[in-house]
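From first to last, the protein sequence lines stand for chains A and B. When we follow full-length UniProt numbering, the leftmost residue of the first sequence carries the number 1, and every step to the right adds one. When we follow full-length UniProt numbering, the leftmost residue of the second sequence carries the number 1, and every step to the right adds one.
Mixed in with the good hints, there may be bad ones.
[Stated by the list, open to error] Covered by chain B, according to a simulated footprint, are these stretches of chain A (three or more residues, beta-carbon under 8 Å): (1) 5 to 19; (2) 173 to 182.
[Claimed, not checked] With beta-carbon atoms standing in for the labels, derived distance ranges: (3) E72/B x V184/A: 53 to 63 Å; (4) F34/A x P246/B: 25 to 35 Å; (5) S181/B x V184/A: 24 to 34 Å; (6) V51/B x L4/A: 18 to 28 Å; (7) D87/B x F119/A: 55 to 65 Å; (8) T90/A x N221/B: 21 to 31 Å; (9) F34/A x Q200/B: 53 to 63 Å; (10) L4/A x A138/B: 42 to 52 Å.
For the record, the hints were derived by calculation from the structure and aren't laboratory data. Ideal placement from N, C-alpha and C gives every residue a C-beta, glycine not left out.
Here is how the chains run, residue by residue.
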Amino acid sequence: MTDLLDRIHQLRQDNRWIFSTMLFSACLSLLASFVLSADAVTLAADPDAALSCNLNTVLSCGTVGTSWQASLFGFPNAFLGLAAEPVVITIAVASLAGVVFPRGFMLAAQLVYTIGFVFAYWLFFQAMFGIGALCPWCLLVTLSTTLVFTSLTHVNIRDDNLFLPMPVSSALQAGLRMGLDVLVVTIWLAAVVALIFWKYGAALLA
Amino acid sequence: MTMSNKTRAQRLRLEQERLAKEAQEAREKRIRTIVMISVVGVVALALVGVVVWTVLGAKRGQEPVAAAQIAEIGAVQGRTLVVGQQDAPVTLDVYQDYMCPYCGQFERANRADLQQLVDDGSARLVIHPLAFLDAQSAGTNYSSRAANAAVTVAQYQPDKLLAYNAILYDRQPAEGSEGLSNEQLAELARAVGVDDATIQRFGADETTAFVAWLTDAAFRNDGIKGTPTVKINGKIFGGDLYSAGPLKAAVLDAKGS
Numbered sequence: 001m002t003d004l005l006d007r008i009h010q011l012r013q014d015n016r017w018i019f020s021t022m023l024f025s026a027c028l029s030l031l032a033s034f035v036l037s038a039d040a041v042t043l044a045a046d047p048d049a050a051l052s053c054n055l056n057t058v059l060s061c062g063t064v065g066t067s068w069q070a071s072l073f074g075f076p077n078a079f080l081g082l083a084a085e086p087v088v089i090t091i092a093v094a095s096l097a098g099v100v101f102p103r104g105f106m107l108a109a110q111l112v113y114t115i116g117f118v119f120a121y122w123l124f125f126q127a128m129f130g131i132g133a134l135c136p137w138c139l140l141v142t143l144s145t146t147l148v149f150t151s152l153t154h155v156n157i158r159d160d161n162l163f164l165p166m167p168v169s170s171a172l173q174a175g176l177r178m179g180l181d182v183l184v185v186t187i188w189l190a191a192v193v194a195l196i197f198w199k200y201g202a203a204l205l206a
Numbered sequence: 001m002t003m004s005n006k007t008r009a010q011r012l013r014l015e016q017e018r019l020a021k022e023a024q025e026a027r028e029k030r031i032r033t034i035v036m037i038s039v040v041g042v043v044a045l046a047l048v049g050v051v052v053w054t055v056l057g058a059k060r061g062q063e064p065v066a067a068a069q070i071a072e073i074g075a076v077q078g079r080t081l082v083v084g085q086q087d088a089p090v091t092l093d094v095y096q097d098y099m100c101p102y103c104g105q106f107e108r109a110n111r112a113d114l115q116q117l118v119d120d121g122s123a124r125l126v127i128h129p130l131a132f133l134d135a136q137s138a139g140t141n142y143s144s145r146a147a148n149a150a151v152t153v154a155q156y157q158p159d160k161l162l163a164y165n166a167i168l169y170d171r172q173p174a175e176g177s178e179g180l181s182n183e184q185l186a187e188l189a190r191a192v193g194v195d196d197a198t199i200q201r202f203g204a205d206e207t208t209a210f211v212a213w214l215t216d217a218a219f220r221n222d223g224i225k226g227t228p229t230v231k232i233n234g235k236i237f238g239g240d241l242y243s244a245g246p247l248k249a250a251v252l253d254a255k256g257s
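Using the sequences provided together with the hints, build the complete structure.
This is the structure:
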């Protein structure tokens with residue numbers, strides 16, 4: 001049992017695993033951004049267009065897509081995903097090929113992606129409690145953004161790319177060695193799922 | 001002598017550091033095991049939660065909401081509101097919600113056509129006022145309240161039903177807003193000629209239960225997935241609902257065949 005856990009732990013620290021996860025999640029996010037962008041164009045031409053993901057009253061990207069929150073900066077949010085995710089994909093692929101990026105570069109990537117992460121959850125909460133509808137592709141963005149953020153943060157703490165004070169940095173690294181990152185992410189995602197079920201459970205199955 | 005002492009002290013220190021490091025590693029490993037087991041626990045708990053919830057939900061789903069009967073007077077028949085001649089060749093079912101913007105678009109586009117089809121005896125219009133957007137009215141259950149008022153009008157002044165239906169869509173509140181107040185619902189009813197005796201019956205508990213029941217039944221029994229849904233002689237109309245003409249043409253087509 002402990003042997004298996006150790007092996008899983010070793011695997012999770014492996015660059016190939018970390019950057020593969022990042023690559024996979026970023027691809028998912030890019031795919032969702034593509035669909036959402038295409039939908040946004042369709043909705044711009046015809047606000048009543050029937051989208052394939054209008055499953056029921058709760059799962060409805062039409063409702064979400066036509067809200068003001070969906071174009072916070074005057075253009076569909078998904079365009080940001082189209083611009084940002086390819087950068088993550090590039091970082092992941094280059095790192096898989098053995099490139100080591102300078103600390104400053106990784107710090108910048110962390111900062112920008114943290115803004116994206118916060119934005120993704122702001123949108124999630126807006127959809128949950130403001131708009132009153134969820135859209136499947138947006139949920140995929142929420143999930144994949146979380147995973148990319150997790151793997152990027154993992155790398156940057158491990159490689160001390162964040163220019164944090166020594167005690168903070170070594171405490172965080174000890175946290176990684178003890179696998180606390182998985183626990184945090186698992187609880188986080190479980191809480192998100194619980195929140196969705198608590199708010200919309202009955203309607204999701206309707 | 002001094003040399004060897006130094007080496008011994010050094011060796012001792014190195015040995016102590018090694019032991020401390022090992023102890024630290026063992027401690028981290030112990031914690032890691034606990035953390036990993038906790039992760040498995042959280043995942044298992046979440047899965048169990050979802051499964052239990054789904055099973056309970058499915059059980060709940062099997063028990064239909066108790067049929068709520070109200071007086072079948074006026075336009076109320078079974079769990080529908082019927083307008084027009086009973087023996088009309090075409091039955092036109094409209095599943096709608098007073099909060100749903102598309103239902104408003106549908107009604108405003110087809111209002112004249114529907115009135116004409118009812119008037120000339122081509123179709124009997126069966127209105128299903130559903131309350132499935134109750135969550136979208138900032139806690140005021142607007143869909144239920146508006147449907148409730150429409151059902152009451154259908155019971156006591158059926159000849160005013162279409163006019164009331166129309167004005168509710170003319171003054172349709174934005175989805176997600178608090179909707180119209182009960183006073184505004186009464187005011188609009190008065191504006192289309194509903195009398196005070198009927199208006200005083202708005203919001204009766206039995207009507208509320210009736211609306212809940214017909215909403216539930218529309219989803220369960222009639223397989224309605226969203227509003228507006230329009231059926232011509234029981235078959236879902238797949239054409240353009242949002243401009244005048246196509247629906248009327250389809251109804252006349254069904255009448256002819």
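Going through the hints against the structure:
Evaluation of the coverage hint for the segment 5 to 19 of chain A: fulfilled, as 4 residues show C-beta separations to chain B shorter than 8 Å, against a requirement of three. For the segment 173 to 182 of chain A, the stated coverage by chain B is satisfied: 6 residues place a CB nearer than 8 Å to a CB of that chain, which reaches the threshold of 3. Evaluation of the 53 to 63 Å hint for E72/B and V184/A yields a pass: the beta carbon distance comes to about 59 Å. Between F34/A and P246/B the Cβ separation comes to about 33 Å, which falls inside the hinted range of 25 to 35 Å.
For S181/B and V184/A, the hinted distance range of 24 to 34 Å is not satisfied, since their beta carbons lie about 46 Å from each other. In this structure the hint that V51/B and L4/A lie 18 to 28 Å apart at CB holds, the actual value being about 25 Å. At about 60 Å, the CB distance of D87/B to F119/A agrees with the hint of 55 to 65 Å. The given range of 21 to 31 Å is broken by T90/A and N221/B, whose C-beta atoms sit roughly 54 Å from each other.
With their beta carbons about 56 Å apart, F34/A and Q200/B fall inside the hinted range of 53 to 63 Å. The hint said 42 to 52 Å for the Cβ distance between L4/A and A138/B, and at roughly 51 Å that hint holds.
In the structure shown, a violation is registered for the earlier hints numbered 5 and 8, in ascending order.
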